[in-house]
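Chemist: One-letter residues, chain by chain:
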Amino acid sequence: MTQTDPPFTATMFQRRRVPGWAVNGALLGLVVVLWFIGKAFDKNLDPYYLDLLLHIGIAIILAVSLNLINGITGQFSLGHAGFMAVGAYVGGVILKHAAPQGAAVPVMFLGLMILGGLAAAAAGVLVGVPTLRLRGDYLAIATLGFGEIITVVLNQIESIGSYEVGGSAGLHNIPITTNFFWTFLAALICVVVVARLVYSQKGRPFFAVREDEIAAAAMGVDTTFYKVAAFVVGAFFAGVAGVLSATLSGNLDPAAFGFVRSIEIVMMVVLGGSGSITGSILAAAVLTLLPEWLRALESWRLVIYALLLILMMLLRPEGLLGNRELWWTRRRLLAVER
Amino acid sequence: MHIFLQQLINGLSIGAVYALIALGYTMVYGVLKLINFAHGDVYMVGAVLGYELARCMIGLAAPLYITLPIIFLGAMAGCAVLGFVIEFCCYRPLRHRPRLVALITAIGVSLLLENLFQNPHLFGAAPRNMPRLFDIKPIISIPAAGGAAPVTMSNLDLISLCLCFVLMIALSWFVLRTKMGLALRAVSFRVDTAALMGININWVISVTFMLGSALAAVAGVVDAMRYHVEPMMGLVQGIKAFVAAVLGGIGSIPGAVLGGLLMGLVETLLKGYLPGGYSGYSDAAAFFVLILVLLVRPTGLLGKPVAEKV
Chain B
32 MTQTDPPFTA
42 TMFQRRRVPG
52 WAVNGALLGL
62 VVVLWFIGKA
72 FDKNLDPYYL
82 DLLLHIGIAI
92 ILAVSLNLIN
102 GITGQFSLGH
112 AGFMAVGAYV
122 GGVILKHAAP
132 QGAAVPVMFL
142 GLMILGGLAA
152 AAAGVLVGVP
162 TLRLRGDYLA
172 IATLGFGEII
182 TVVLNQIESI
192 GSYEVGGSAG
202 LHNIPITTNF
212 FWTFLAALIC
222 VVVVARLVYS
232 QKGRPFFAVR
242 EDEIAAAAMG
252 VDTTFYKVAA
262 FVVGAFFAGV
272 AGVLSATLSG
282 NLDPAAFGFV
292 RSIEIVMMVV
302 LGGSGSITGS
312 ILAAAVLTLL
322 PEWLRALESW
332 RLVIYALLLI
342 LMMLLRPEGL
352 LGNRELWWTR
362 RRLLAVER
Chain F
67 MHIFLQQLIN
77 GLSIGAVYAL
87 IALGYTMVYG
97 VLKLINFAHG
107 DVYMVGAVLG
117 YELARCMIGL
127 AAPLYITLPI
137 IFLGAMAGCA
147 VLGFVIEFCC
157 YRPLRHRPRL
167 VALITAIGVS
177 LLLENLFQNP
187 HLFGAAPRNM
197 PRLFDIKPII
207 SIPAAGGAAP
217 VTMSNLDLIS
227 LCLCFVLMIA
237 LSWFVLRTKM
247 GLALRAVSFR
257 VDTAALMGIN
267 INWVISVTFM
277 LGSALAAVAG
287 VVDAMRYHVE
297 PMMGLVQGIK
307 AFVAAVLGGI
317 GSIPGAVLGG
327 LLMGLVETLL
337 KGYLPGGYSG
347 YSDAAAFFVL
357 ILVLLVRPTG
367 LLGKPVAEKV
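Top line first, the protein sequences correspond to chains B and F. Residue numbers for the first sequence follow my numbering, so the first one is 32 and each next one is one higher. Residue numbers for the second sequence follow my numbering, so the first one is 67 and each next one is one higher.
I should point out that these hints are in silico values taken from the structure, not numbers from a laboratory.
Now the stretches of chain B that chain F is said to cover, found in silico as 3 or more residues with beta-carbon under 8 Å:
| hint | stretch |
| --- | --- |
| 1 | 153-165 |
| 2 | 176-189 |
| 3 | 292-302 |
| 4 | 336-348 |
Short, incomplete list of chain B residues facing chain F, as computed with Cβ under 8 Å:
| hint | residue |
| --- | --- |
| 5 | Phe107 |
| 6 | Asp168 |
| 7 | Tyr169 |
| 8 | Ile172 |
| 9 | Ala173 |
| 10 | Ser305 |
| 11 | Trp331 |
| 12 | Leu333 |
Note that beta-carbon positions come from the ideal geometry of N, C-alpha and C, so glycine has one too.
Start from the sequences, fold in the hints, and give me the full structure.
Modeler: Listed below in structure tokens is the structure:
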């Protein structure tokens with residue numbers, strides 16, 4: 032017997048009736064818990080594992096923010112690392128120029144995260160408005176070109192005024208201010224913002240643009256607005272992730288933000304399932320951990336990594352979670368294969 | 067003026083290599099609508115094969131007119147097999163899946179090839195120099211007026227240009243004059259209708275991959291002689307050739323040639339004429355041109371505009 036999908040109705044989008052204050056309270060509680068976990072981890076956890084966790088946190092921000100552009104709005108972008116680079120360099124250059132002391136550290140760091148995000152968002156507008164007229168592969172190529180331009184420019188600039196940028200040698204000895212709490216707070220905010228944005232009445236046009244742009248426009252959706260909005264929000268969080276990664280290792284290398292990095296983020300989105308936020312989180316963790324797990328294989332490590340990737344795409348092309356979320360099975364959206 | 071002429075020759079010679087790689091991108095895109103990200107790495111494998119063959123041949127001390135064809139043909143054959151295997155194992159099972167899936171698989175194949183050859187048991191990450199088969203020296207030289215340096219063309223430039231043009235003529239003969247070429251054009255026009263007309267789609271697609279890979283192998287061997295061989299050489303060169311394909315109009319075979327030559331010219335001219343501190347920006351300029359072309363004429367210089375169907 033074939034099972035048919037239930038009719039596509041508005042109730043599919045409705046959440047079970049959990050009062051708003053309870054959700055918000057739980058999220059605030061989560062922030063407090065994060066604070067305490069962060070305190071404990073910073074003191075007791077092995078630096079190797081802490082570093083790995085922080086990389087996962089950054090990967091989550093990148094994957095979820097790209098998912099908004101790529102998976103949810105269906106605009107194939109290959110330049111996400113470019114936005115990340117904008118944020119990373121804004122954060123890195125300012126921190127290196129004026130390293131804060133004592134109590135000023137968290138305040139300045141928070142400010143820098145927002146500033147880096149805004150700079151990347153501005154870049155998102157700059158790139159998005161002209162290129163979003165393009166579709167599919169052409170958009171991918173244009174964003175790829177943008178990402179490459181960013182790395183070439185960063186390779187060439189030695190300094191802006193008295194601010195050191197580093198050029199092709201990279202920017203080194205940036206004060207290390209990232210910690211567990213900041214990274215996962217940013218990740219939490221990113222996930223909540225994207226989830227609330229797309230699983231709300233205001234967010235349905237994002238999916239509409241992905242499923243059929245022409246039909247969406249015919250139904251009165253301002254497609255350009257939603258595409259640019261996805262680009263700007265996605266770029267903002269990529270910028271935040273950039274600031275975090277700049278202050279995690281203390282070193283910035285323009286080559287690290289090239290095409291390969293963008294591809295890595297796209298892989299997380301596709302592997303997790305385009306359009307699935309929880310899928311992106313899962314894939315971000317898996318793809319960050321996988322090279323570490325394979326460390327025992329030594330020189331064959333990345334070969335096996337690539338083989339696993341190909342096998343996963345061959346055996347499960349829709350990604351780990353497909354179009355679904357990890358727990359909201361009722362909220363599965365149109366499972367239309369494109 | 068003679069500097070300009072010299073840049074023109076250098077640009078054409080580099081552009082011919084871009085054109086060879088771009089042809090592979092454009093043919094595959096024509097039949098499968100797939101951006102084959104592994105193509106740059108097939109080019110790298112071509113260079114590695116050329117290097118290994120050259121190492122074998124140098125021991126035999128055979129004359130150049132035997133050595134060179136063996137190196138080129140061997141690399142072409144090896145890469146054709148590789149292209150066939152990649153298509154058969156990785157892209158064929160995903161043909162009816164969303165295009166993004168095939169794209170990610172292509173990236174996976176590219177990662178696989180890069181990392182496989184970086185493995186010290188196979189090739190290793192360090193760049194290696196091709197054994198010296200012949201001395202690269204200027205063979206054509208046009209004296210310039212007023213005692214300035216003459217405009218020269220090295221034997222390698224000549225080989226790469228001649229090879230590229232011969233191969234392009236052969237390819238256009240193949241595409242325009244043979245039955246297989248007709249089938250190829252039919253498939254790139256519309257796959258399902260071509261299948262209804264009795265064309266063996268799978269075989270046509272395989273042939274497309276083999277042809278593209280063989281052309282990339284020639285480009286790889288030429289670049290191996292000009293620069294050096296390393297596992298990551300396909301990345302940048304691949305992206306640039308891809309940009310060239312888009313510039314000329316992806317899916318269009320003459321477009322890929324035009325795009326490749328233009329790309330080489332733009333790059334060398336910018337490197338030569340941008341003021342001192344800014345010549346490093348010439349790479350960015352190539353992409354800037356790309357974005358401009360996409361915005362003004364998204365289908366490229368020779369691509370046909372496609373009407374949108376609802």
